[in-house]
Every structure is written in structure tokens, then in C-alpha cells.
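Protein chains: 2
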Amino acid sequence: MGERGMKLLLGLVVVALSSAGYGVVGLNIWPMPKSVNHGKQSLLLSKNFALDTEGSKYTDSSSILKDGFSRLLDVIQVSHNIDENSTYYDHSQLLKGLHVVIFSPYDKLQFGIDESYKLTVPSTGNPSYAHLEAQTVYGALHGLQTFSQLCNINFSTRIIEVHQVPWIIIDQPRFLYRGLLIDTARHYQPLPMIKNVITAMGYTKLNVLHWHIVDSQSFPLEIPSYPKLWKGAYSPSERYTMADAAEVVDFARRRGIHVLAEIDVPGHAGSWGVGYPSLWPSPTCQQPLDVSNEFTFKVIDGILSDFSKVFNFRFVHLGGDEVDTSRLNKKGLNESEAYEYFVLRAQKIALSHGYEVINWEETFNHFGSKLNPSTVVHNWLEGNVAPRVVAAGLRCIVSNQDKWYLDHLDATWDQFYMNEPFANITNSKQQKLVIGDIEQTIWPRAAAAAERMWTPFNKLAKDPRQVTGRLAHFRCLLNQRGVAAAPLAGLGRAVPVEPGSCYKQ
Amino acid sequence: MGERGMKLLLGLVVVALSSAGYGVVGLNIWPMPKSVNHGKQSLLLSKNFALDTEGSKYTDSSSILKDGFSRLLDVIQVSHNIDENSTYYDHSQLLKGLHVVIFSPYDKLQFGIDESYKLTVPSTGNPSYAHLEAQTVYGALHGLQTFSQLCNINFSTRIIEVHQVPWIIIDQPRFLYRGLLIDTARHYQPLPMIKNVITAMGYTKLNVLHWHIVDSQSFPLEIPSYPKLWKGAYSPSERYTMADAAEVVDFARRRGIHVLAEIDVPGHAGSWGVGYPSLWPSPTCQQPLDVSNEFTFKVIDGILSDFSKVFNFRFVHLGGDEVDTSRLNKKGLNESEAYEYFVLRAQKIALSHGYEVINWEETFNHFGSKLNPSTVVHNWLEGNVAPRVVAAGLRCIVSNQDKWYLDHLDATWDQFYMNEPFANITNSKQQKLVIGDIEQTIWPRAAAAAERMWTPFNKLAKDPRQVTGRLAHFRCLLNQRGVAAAPLAGLGRAVPVEPGSCYKQ
Chain A
1 MGERGMKLLL GLVVVALSSA GYGVVGLNIW PMPKSVNHGK QSLLLSKNFA LDTEGSKYTD
61 SSSILKDGFS RLLDVIQVSH NIDENSTYYD HSQLLKGLHV VIFSPYDKLQ FGIDESYKLT
121 VPSTGNPSYA HLEAQTVYGA LHGLQTFSQL CNINFSTRII EVHQVPWIII DQPRFLYRGL
181 LIDTARHYQP LPMIKNVITA MGYTKLNVLH WHIVDSQSFP LEIPSYPKLW KGAYSPSERY
241 TMADAAEVVD FARRRGIHVL AEIDVPGHAG SWGVGYPSLW PSPTCQQPLD VSNEFTFKVI
301 DGILSDFSKV FNFRFVHLGG DEVDTSRLNK KGLNESEAYE YFVLRAQKIA LSHGYEVINW
361 EETFNHFGSK LNPSTVVHNW LEGNVAPRVV AAGLRCIVSN QDKWYLDHLD ATWDQFYMNE
421 PFANITNSKQ QKLVIGDIEQ TIWPRAAAAA ERMWTPFNKL AKDPRQVTGR LAHFRCLLNQ
481 RGVAAAPLAG LGRAVPVEPG SCYKQ
Chain B
1 MGERGMKLLL GLVVVALSSA GYGVVGLNIW PMPKSVNHGK QSLLLSKNFA LDTEGSKYTD
61 SSSILKDGFS RLLDVIQVSH NIDENSTYYD HSQLLKGLHV VIFSPYDKLQ FGIDESYKLT
121 VPSTGNPSYA HLEAQTVYGA LHGLQTFSQL CNINFSTRII EVHQVPWIII DQPRFLYRGL
181 LIDTARHYQP LPMIKNVITA MGYTKLNVLH WHIVDSQSFP LEIPSYPKLW KGAYSPSERY
241 TMADAAEVVD FARRRGIHVL AEIDVPGHAG SWGVGYPSLW PSPTCQQPLD VSNEFTFKVI
301 DGILSDFSKV FNFRFVHLGG DEVDTSRLNK KGLNESEAYE YFVLRAQKIA LSHGYEVINW
361 EETFNHFGSK LNPSTVVHNW LEGNVAPRVV AAGLRCIVSN QDKWYLDHLD ATWDQFYMNE
421 PFANITNSKQ QKLVIGDIEQ TIWPRAAAAA ERMWTPFNKL AKDPRQVTGR LAHFRCLLNQ
481 RGVAAAPLAG LGRAVPVEPG SCYKQ
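Those protein sequence lines, which keep their order, are chains A and B. For the first sequence, the UniProt record's numbering gives the first residue as 1, with consecutive numbering after it. For the second sequence, the UniProt record's numbering gives the first residue as 1, with consecutive numbering after it.
Worth flagging that the hints you see were computed from the coordinates, not collected in a lab. Fair warning: there could be bad hints in the mix.
Any copy, or any two copies together, can satisfy a pair, since identical chains are not distinguished.
The calculated DSS-like cross-link candidates involving lysine-lysine, where the alpha carbons are at most 30 Å apart (straight line), are [claimed, not checked]:
#: 1; residue 1: K40; residue 2: K231
#: 2; residue 1: K298; residue 2: K231
#: 3; residue 1: K459; residue 2: K34
#: 4; residue 1: K66; residue 2: K96
#: 5; residue 1: K298; residue 2: K228
#: 6; residue 1: K309; residue 2: K47
#: 7; residue 1: K66; residue 2: K195
#: 8; residue 1: K47; residue 2: K228
#: 9; residue 1: K231; residue 2: K47
Please model the entire structure based on the sequences and the hints provided.
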């Protein structure tokens, strides 16, 4: 038996070993693609697995595809150090690279852009290539994510394998809007944390980061037009510069993810008055925003003007939920009229800056017919509003709190899984109006012990209350550096008991 | 008033603003240095803040200092994007760089190495430099960490400031051994997680990562001499190659952190028999390791031989705790004698590979006088063994579980802080023998919803139990990529209810 036969035999051993591996049985792709066909063979990834874009109409001048491919190479190694042993290679089983063909030369990330892709991996070849076709580079990025999930490290041979070849995967999303909300007002999230969330969103093919930036508790974002607004931040260091926001938008865009910015007016804006007290109805009554003060609308206009230079998504979110209308006073208007007046005027300002508006469902419940017809109604209460919204011809984002609120720790993954946006909506025209939606044990306690071991005994506090403030400061520093340090108060891995500054938890 | 006066005025305004900032009052350094003197003025960090090593005897040929300085520049910006505005600069207040003088040309990281440093920051200069002196590069790294904690971003001026100048800080650790234990046997920790822990250890000046690598539940590490051992891993992907271990050691070393490897024999080694069943006393009795089998000691020798090529710390940890001695059977020896025989023979093997041995306290409690005199006894039960260990002339690591066990979630940071290694040890000679010791809400639930939104309705599982295995697989993939995804079982942010594979939680 010649050398080639020997290698083939080793190749077969590889296949046999890998078939016995964990997780190979069944189909391990998440989320499940639209159409999947696969075989039972295995291919080996070339050490020099390369990107080939011959025939592609997309020139990738800003390296979106190239960077995505580079991230693919990183994640398929899942951080392991592999000393490759080329003697195991059977060249008839070698996958030499990925051939990507993108049909559109444009990479402006617009809402509703084609996110489909077709991914095929052959079963043999000498050498062979996987093929990925997509209308847009963003569809191609989804294809790269799917391809990464077909790859497995074989720890015996030190080779990355593609199991279950040949593959034919044809895929596109069910909903154009697949959002995840982060709230940086109740708890400041450092930029590395936000980037980690965006990176993981890419893994699950989510495409909208709904950034609930500011709320009554804090105003962390710089607004150049009204520079005192971020005086409402929890502390000077719990802030985002506009350049920070631009970086988040760019980081997300390069992964095919839109950023939806929200200002939740008028009911969740108490922090605005820290810098501009006249926005409050009175010093003792700090909510909602004063509807009778023209300055209120000037500030909203300034914010949305500044937003429009950075947050280039088609939509802006204007909130409108949980408004204590009894405190809305404007001459000549009753409570309900004042609420409607406020929301509709804010909508007009947003429209003037080129945005379409998203509002929480209370606005629809109160004066749905008066909302601008381009309004998207955002459900958050129970599951019944969506059918009424789409029956009224408006678009709706479904994220009912009983099933899709991540901070409801008693909602389990299977309840998340079974929550159906189309519940009670059977008309296919109405269905099209539903656009979908949806890191503390070690620190700071180890830091407390670390001081006990480093610091001279006579310098140690005799009562821990003497160092609470300093340790709280250090814990905030850890958070800012991307370390998920838990609050000081409470037990290990505790969650903050209420909204507030990291310096106070 | 000339231009210079104007700038000085602005400079003063800057100082006034920053003095009003959060956290400036008091001394925010963690852990507290040995000696600190400071003033009340502020300096501004130059945009081109630079490292100067003139006069240093250390050539930094492997860039340990240069990389540490580069990390310093990163962390003081805490990931923010600052558009610097040089018009705010008052050059009499400018800190142009850090002058580092290291006296030792050597950078071999040895136990007991000099970790002291002296850091001074002047109050004026035109331009001025901060000065850092250290015997070793590792002392200098501690000085860089301290310097980073003196820096603050001023969001109004977009300049990084050093508050409370002038500074004179003279510092060195109280204990030479400041450890943190991670257990990768009960729960596999991906390399990015381990690196994050090491990075944060640097922030708190801890210097020993105690890596409890393997235990009865799993054997994740590759052992080239006995390649079937890691068949005891939870799954093929929950593994470390020896190259991974070497990378962890190197990553830690470059931050001045030792890696202490542990094999916990004979009582915590049930997983060893998955690959080599003859290590078990019998197929039904899988613990402790079979003391009557010469192969047991051959495997320990092979492991420690492989360890000695990668884990170059002076110590190795051989466990020895929680041994069910009633199952230790060796002809001619009673239970107690068999336990002693095992531990002392394992010690000899370790010594033959150049290691000094650390053992858990039970070994001392049973036959303390027989232990090799170089043995370090590791306390983990209550707080009373250390006085007896040091009275016997042996060294002791204190980490009593009631106060310094991170997985005891009911132990609060202030209990950690108040736990004193020298409790009941007043003799200073005996004190010298005490060497000290000590990242899930979003995922995978959002991933469940992501599939609901991406996948065609008719492809979605009607019963979530149909997709449990696939989602569990995806959750492990997220973990491996550095995302702290929680177990599937239980509530959001739940901790695993018991040891086990990520695929099964």
C-alpha cells in the first residue's frame, strides 16, 4: 500500500473519530437557517484557509468583508493554540478556502436591506472551496457566522474540520428588525461591554441594538448642542462622548447591526433637568418634561439634530411610555390633550431631522389614529396590542415584557423561545407590519483580600466602613476596564438592588 | 493680560472643575500602598505621554515594560474616544512622560522577587516627568498600575489629569504570595476568561494564579506523556492543549503573575480513570487513585514531567485533601499508613522534577512531621491550622473557606477584607512563614428569541425540548468565544446547580 493509501486511511480514521465526538450528531446551527441540506462526510480546513472574492461586484474598500473573514478565522479556533501536524492531511479532503461572491457593490447599511445568503460546502475536491453568495456584504457576514458554526476543532489531529459535508444552506431572516435593548441609564455600561454585546449579537444574527441611552435616573451621553445635559450622568466618569457613540455605531455597522437611539420623552426624562432645571415642571416636581415650556422642544430639537449626525438608522425612538399625565399642564389643554400634543410635536421634530419615529405602545393606546402614519408602535406591556396596531395599518415591534424582557430573571429561555410575534395575527398583509424585536463572583471581594495581603498591617482599616468609598471607586474602575465586578452591597454575584451610580453600589 | 495669563487662568479653571469631580476627595488607590504622600494640585497628561528609560539597567528585550506601558495608556482612557483640544493646555502643568529606572537587568520571574517600587509625580515642570524606580521590571509593572489609578479623564476639557500632585509613593507587598484560585475542573473556563481574570489580577496586584486544573469531575488538560488522560474532559471541546497552558503561563508572566498548577491526588482524581481505568481501585470504586498500583505513580511522574516543561513556578500543588482513606488499600499498610505513603511518594516525584510541594492541610493534620521540610501547607478549613503549621517550622498559605472562598456567595466583601492571615500568630519569625493567599443575564435567552425571529415559522420547534441540545451546544460556543452565557437550566443569570459539562447545563 502506497503513501497515498496510507493517508487516506488516516483520513478515514479522522472521520471516524470526529463522528464519535460530542455534538456532531444532529444539526448544531443557531439560529436555524431557512433551508439546510447536508451529508455525512468531513473535510479538513487548510492551514492557509483563504478568502477568495473573484467575480464579486463588491470591492470591500472599507474592509468589512475582510475583517469579518478575519474574525471568522479567530472564532473557529475558539482561542486555542493548535500545533498543526500536516502529516494528518489527506489532500483530497482539504478545504482550501471560501469563495465569496457579493452581487451588490454598495454597503450602506439600510433598514430592510437584503440579508440573504447561500452557503455551499462540497464533499470532495482537490483542493475544494466553500462557496458563499449574497446580495449584500451584510448577508455575506451572516453566511460567515453560519460557516463558523460548521467548524470543529479535532484535538487529536489539531485540525479544524467541517463535518456533515456536503452542505447546501439557503437562508434569510423571518423578520427585518431583530432587536436587543440595552439600558445604559439605569446602569452605565462601559464601551467594552457594549461591544461585547454587539459581537455576540452578530453570533445570533440579531440586527438592531436598541440603545435606551438616557432615562430619569441618568443622562450619560454628551449632547454638543446642550452641553449641560450630561450633568445628569451618575458621575463624570459614567459618560459617553459623542465620539464614543459614533464608535459604537461604526462598530455595529461593520457587523451589519443598526443602532436605534432612544430618548424616552416626556415621562422618563427627570435627569435632563439636572443641567437645565427649567425643563422640570417645578424644582420639586421633576417629571414629566414641562410641556408648556418652549425650551423643552428646543432641547429635543437640539438632541435630535445632534443625533442625526451620528445615529444614522432610519428610526429614532421617542419613548412616550408611563407618562404621569396628571402633571402635564398646558394652558387650554386637558391632561390627555397635553400628552397627545407633546408626543405629536416631538414626532414632528424627529421627522424634520429625517427620522421615522418609534413610540412605546401607550401613545397608540391613547391616540393611535393621530400618530404619524410612518410611526412604529413598540409593544412592551402584555401580548395583545400588536393585532390592533397592524389592523390600524401601523407597524409594530413586539417585545412583551412577560416573555422577552431580559431583566425578568424568572423568564426562562424556553419561554423566550416560544413567544410568537404573530400570535393572533393571521392576515398576511398585517403580518408584514410586524417587524419583530427582542456578564460577578470574583470581584470586588478578591480585591478586598488583595489589599489585606499587599498593604502593611498598620495601614489597613480597622473597620471596613472606612474603605467602602475607596473600594467602590476601584470597583467602578474595574467595570470601566471591562471587568464585570459585582456591587459591593449584598451577597456575591449580587445584582444591584436598585438603579444608581456604580460608586454607590 | 497676555496670552500666557489667559492660559493659566484656564488651567486654574480646569483644576477647580476637577476638584469638584466625583471621587477626587480622598485617596482612591487600591490596594493601598505602603507609604503615600500627596498634595492638592493637578497636572495634565501630555497627548504624547511617553515612556523614557534612560539610566535603566534593564534592556526590556522582550518588551515586558513596553507592553505594560502600552496597556497603561489604554486603561487610563478607559476605552473612551477623546477629541483632544490643545487650546486647554497650560504647558507649565504638562506631564510629558514617565521616566522608569529599573536596577536589575534580569526579568526571570522567580518566587520572592523584589516587587517594590517608588513612584513620584512632581507638581510643576516645564515640561515635567513622573519618576518610577524599581529593582525589577515586575516592581515597575506594579508602579504602572498605581500610576494608572492616579489618572482621571476630564470630560469637559478632554484631557487626562493627574490629581493631588505632588505624589510620593513608596510601596512593596506585605505577602510574597498573593494567590487567586480558579477551578477549571468543575466548570471549564475558556482561555479568554482566564486571561480576563489574569488581567484583573494585575489591577489588584495579586501575583499567583492557582490553577486547580483537574479534579474528579473532569480532566481538561492535555498530558503528552499520557495522551488518554484528557479523555476525562467533559467533552472534546472543553479542553486545553499544552500550548494553551503555555500561553496562559506566558500571558501571566508578562504581568508579573506566577501560575501554580495543581493535581489534587489521590482524593480528587476520579476523572483520570476515564482514559486509564486501571488507575481506579475498581470499575465501581473510582476514588481515590489506586495506591497499590505502580502505574499510578508512573502517571503522576509523567504529568509532573510534562508540567515541568511549562509550569515553571517554584511550586506545584499536589492536593491531598478530602481523601476517603478507607478505600486506600496497600498490602502491609493500614489506611493511615497508605495515605501517608501515597502523599510522601508523590512529594518525592515532584521534588525530583525540581518542584517544591504545596499540599492541602489534611496532610499536615495527619502526618505533619513526615512532610518534606520544604512543604507549604495550604489551609482551607477553618482558621486555626496556620499557627500550628508555622510553629512546626513549615510554611503556610492561608485561605480558610469561611472567609476567602469566592464561591461562598454568602461571604461579603467586608468579611473578605477583615480576614487576617496572622490571626493568632504573633511571633515574627513564625509570621514570615505565612505566605498569604485568595463574569450572565442576556445569553442564552436572547439567542432563543433570535431564532424565533430569524427562522421560518414552519422550521421552528413546536416543543422547546426539541432544541434543548442544539441551544446547549450554541451556549457552549458562546462561552468559548468569551461570552458569559448562563446555563439553560434554571432562571436568568442562574448559576449551574452542580458541576458538569456546559453542554448539559
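Here is what the structure says about each hint:
1. Taking the shortest Cα distances, K40 and K231 sit within 30 Å of each other only across copies (24 Å), while inside one copy they are farther apart (61 Å).
2. Only within a single protomer do K298 and K231 lie at most 30 Å apart by alpha-carbon distance; the minimum there is 18 Å, versus 67 Å between protomers.
3. Taking the shortest alpha-carbon separations for K459 and K34, only the inter-copy value of 7 Å comes in at or below 30 Å, while the best intra-copy value is 64 Å.
4. For a Cα distance limit of 30 Å, the shortest separation of K66 from K96 inside one copy, 17 Å, qualifies, whereas the shortest one across copies, 38 Å, does not.
5. In this assembly of identical chains, K298 and K228 lie within 30 Å of each other by CA distance solely inside one copy; the values are 14 Å within and 71 Å between copies.
6. When the C-alpha separation of K309 and K47 is checked against a cutoff of 30 Å, the pair qualifies only between copies, where the shortest distance is 27 Å, while the shortest distance within a copy is 43 Å.
7. Proximity of K66 and K195 under a CA criterion of 30 Å is satisfied in both settings, with 19 Å inside one chain copy and 27 Å between copies.
8. Within a single copy, K47 and K228 get their C-alpha atoms only as close as 55 Å, which misses the 30 Å cut-off; across copies the closest is 26 Å, which meets it.
9. In this homomeric assembly, K231 and K47 come within 30 Å of each other (Cα to Cα) only across copies, at 25 Å, whereas the closest approach inside a single copy is 53 Å.
This entry satisfies every hint, going by the numbered hints stated previously.
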